[in-house]
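Protein chains: 2
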Amino acid sequence: MTFVLKTDAQRAFEWSRHFAESAPEIAFRLWPDIGDPAQVRFLATWSLPPDLATTLPNLELLFSTGAGVDQFDLSRLPGHVQVVRMVEPGIVDGMVEYVTMAVLAWHRDLFAYLARQRTASWEPIRVQTAASRKVGVLGLGMLGQAVARKLAGFGFEMHGWSRNRREIPGVRCHAGAAALPGFLASCQALVFLLPLTEQTLGMLNASLFARLPRGATLINVARGQHLLLDDLRAALNDGQLAGAILDVTDPEPLPPDHWLWSDRRVVVTPHIASMTQPETAVRSVLQNLRRHARGEAMVGLVDRTRGY
Amino acid sequence: MTFVLKTDAQRAFEWSRHFAESAPEIAFRLWPDIGDPAQVRFLATWSLPPDLATTLPNLELLFSTGAGVDQFDLSRLPGHVQVVRMVEPGIVDGMVEYVTMAVLAWHRDLFAYLARQRTASWEPIRVQTAASRKVGVLGLGMLGQAVARKLAGFGFEMHGWSRNRREIPGVRCHAGAAALPGFLASCQALVFLLPLTEQTLGMLNASLFARLPRGATLINVARGQHLLLDDLRAALNDGQLAGAILDVTDPEPLPPDHWLWSDRRVVVTPHIASMTQPETAVRSVLQNLRRHARGEAMVGLVDRTRGY
Numbered sequence: 255m256t257f258v259l260k261t262d263a264q265r266a267f268e269w270s271r272h273f274a275e276s277a278p279e280i281a282f283r284l285w286p287d288i289g290d291p292a293q294v295r296f297l298a299t300w301s302l303p304p305d306l307a308t309t310l311p312n313l314e315l316l317f318s319t320g321a322g323v324d325q326f327d328l329s330r331l332p333g334h335v336q337v338v339r340m341v342e343p344g345i346v347d348g349m350v351e352y353v354t355m356a357v358l359a360w361h362r363d364l365f366a367y368l369a370r371q372r373t374a375s376w377e378p379i380r381v382q383t384a385a386s387r388k389v390g391v392l393g394l395g396m397l398g399q400a401v402a403r404k405l406a407g408f409g410f411e412m413h414g415w416s417r418n419r420r421e422i423p424g425v426r427c428h429a430g431a432a433a434l435p436g437f438l439a440s441c442q443a444l445v446f447l448l449p450l451t452e453q454t455l456g457m458l459n460a461s462l463f464a465r466l467p468r469g470a471t472l473i474n475v476a477r478g479q480h481l482l483l484d485d486l487r488a489a490l491n492d493g494q495l496a497g498a499i500l501d502v503t504d505p506e507p508l509p510p511d512h513w514l515w516s517d518r519r520v521v522v523t524p525h526i527a528s529m530t531q532p533e534t535a536v537r538s539v540l541q542n543l544r545r546h547a548r549g550e551a552m553v554g555l556v557d558r559t560r561g562y
Numbered sequence: 255m256t257f258v259l260k261t262d263a264q265r266a267f268e269w270s271r272h273f274a275e276s277a278p279e280i281a282f283r284l285w286p287d288i289g290d291p292a293q294v295r296f297l298a299t300w301s302l303p304p305d306l307a308t309t310l311p312n313l314e315l316l317f318s319t320g321a322g323v324d325q326f327d328l329s330r331l332p333g334h335v336q337v338v339r340m341v342e343p344g345i346v347d348g349m350v351e352y353v354t355m356a357v358l359a360w361h362r363d364l365f366a367y368l369a370r371q372r373t374a375s376w377e378p379i380r381v382q383t384a385a386s387r388k389v390g391v392l393g394l395g396m397l398g399q400a401v402a403r404k405l406a407g408f409g410f411e412m413h414g415w416s417r418n419r420r421e422i423p424g425v426r427c428h429a430g431a432a433a434l435p436g437f438l439a440s441c442q443a444l445v446f447l448l449p450l451t452e453q454t455l456g457m458l459n460a461s462l463f464a465r466l467p468r469g470a471t472l473i474n475v476a477r478g479q480h481l482l483l484d485d486l487r488a489a490l491n492d493g494q495l496a497g498a499i500l501d502v503t504d505p506e507p508l509p510p511d512h513w514l515w516s517d518r519r520v521v522v523t524p525h526i527a528s529m530t531q532p533e534t535a536v537r538s539v540l541q542n543l544r545r546h547a548r549g550e551a552m553v554g555l556v557d558r559t560r561g562y
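Top to bottom, those sequences are chains A and B. Going from the first sequence to the numbering used here is simple: count from 1 and add 254. Going from the second sequence to the numbering used here is simple: count from 1 and add 254.
Please keep in mind that the hints were generated in silico from the structure rather than gathered at the bench. Glycine is no exception: its CB is placed at the ideal position from the N, C-alpha and C atoms. Please note that the accuracy of each hint is not assured.
[As the list claims (entries may be wrong)] Straight-line distance between alpha carbons at most 27 angstroms, and here's what the computed DSSO-like set of lysine-lysine pairs gives:
#1 K404/A x K404/B
#2 K388/A x K388/B
#3 K404/A x K388/A
#4 K404/B x K388/B
#5 K388/B x K404/A
[As the list claims (entries may be wrong)] Some residues of chain B that are not near chain A, with every Cβ distance over 10 angstroms (derived):
#6 T256
#7 K260
#8 I288
#9 R295
#10 P311
#11 L328
#12 H334
#13 G344
#14 N418
#15 A433
#16 L450
#17 P467
#18 E550
#19 D557
My request is simple: use the sequences and hints to build the entire structure.
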């Protein structure tokens, strides 16, 4: 019974160490040095190796090393393989930090001040209270809930939207498709945090932008494929959107000659909002392995029909 | 009995409105249209009018419209005039927002990413956990305490220093001059929030920088006069400091040809971290007037011998 990890050298080193410390009884191996393929029951990876069904015939559990599983072509996986998203506090903390930074940078005009610094202009902008600012989080899963809760602690007028109703203290929670337009009308800053599925692909488009208050700012920390870039550019040119902070793009890495890099209304970071932290990730994987062995429900188990 | 406010037109308009709503019984006037000078018992201002002792012979209370009173030459004030700092939630909230933004921008490499965006380079930097980062707040008055408490909520290893011992949950509080070197050694990012007095003038100097961990970042949100700019430049050139985020400078406004504007290791904002919010400021002033009338202690009363 072997657990295989497929990742880069630095992360491989750290996972190995944490596995050796916390679960020395598990045969832990690094891709591609997997030993007897028939023994491999567990695989943790970001990208699927080719021909998984034939290479690893006895695979039971596929762990994503990231928060999403949209990078997996689930149709290529045998039906009996269970897929598990990474649910670990490091991912949540990173996302909360990044989005808080982005929302505060928007709220406190940081990018305008950086531009003024380049022209050596000392030009204060009147501070608005957080209570007078409307911020919305689209997607209230594990990450969205944590983000909304943290932002509420700064006193913003917080709104959240999810398919099924949530209750989050300090956040006005909207639910279901019919409530989406009302939610969007309440987002001077929109934090986008839905999983990438067939339903959400291209969802950040002209018709969604048109429902935001004029001059809104978009913060996309989900997937680049959610966003139609031509629609973004038109909304920026038109003034419907004042700016965008994008941690994800399509493709990644973003090519050097892409217009997003040089548009002064856009901030691009290279998909770093949230990264799995090896120590807490290994703890999470080991807890799920124990739950699996006892026949209990694993945390982050993916509904393969729903896609997340 | 007249209350006089000396400020700019926009703020004057807002204070007038809030005074009229909340305390119509008070004769509220705007400088320089003060009516009978002998009637003026209360003055709220950022800068002292000339010859205050003779112009306003019956002045009892001088309210600063900002968090500090270092801009007042207290030696010019008759001894019986009581001086009151502005203590109101708007100032605290603004400072907490700004410092949180600055610390997260440091922690999450925002300025490095903005530089990489200018060269179109997609180059992720490994995310460190907040728990692995040491942040210190020098000065644990009303603002410093609020800042330290908020940052502790992100999981940073938080340190604080004050002259007299404080207790703040989640913050290792150091107290007194002897504890200062140990505190400074624990500050990968140093948030400076002491009042400006004869004792703290020029305190951000080479010998203080030398006690920080190598490569530390300075966040000055107190006063420009705290910081010796030649020492800052030397510490940046030497690598002892990696960067500085300065909301205050000396002088203000910073002249267009000043080196701080164009140094890529420095972020300058035009003294906007925290601004008095008229609505809550008026509420705070009115509460103090009531306390004063009842012979109770006012919130923010300055110890004129101590200077803050």
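Hints versus structure:
no.	hint	result
1	K404/A x K404/B	holds (10 angstroms)
2	K388/A x K388/B	violated (32 angstroms)
3	K404/A x K388/A	holds (14 angstroms)
4	K404/B x K388/B	holds (14 angstroms)
5	K388/B x K404/A	holds (21 angstroms)
6	T256	holds (28 angstroms)
7	K260	holds (19 angstroms)
8	I288	holds (26 angstroms)
9	R295	holds (30 angstroms)
10	P311	holds (35 angstroms)
11	L328	holds (26 angstroms)
12	H334	holds (35 angstroms)
13	G344	violated (6 angstroms)
14	N418	holds (28 angstroms)
15	A433	holds (29 angstroms)
16	L450	holds (20 angstroms)
17	P467	holds (21 angstroms)
18	E550	holds (28 angstroms)
19	D557	holds (29 angstroms)
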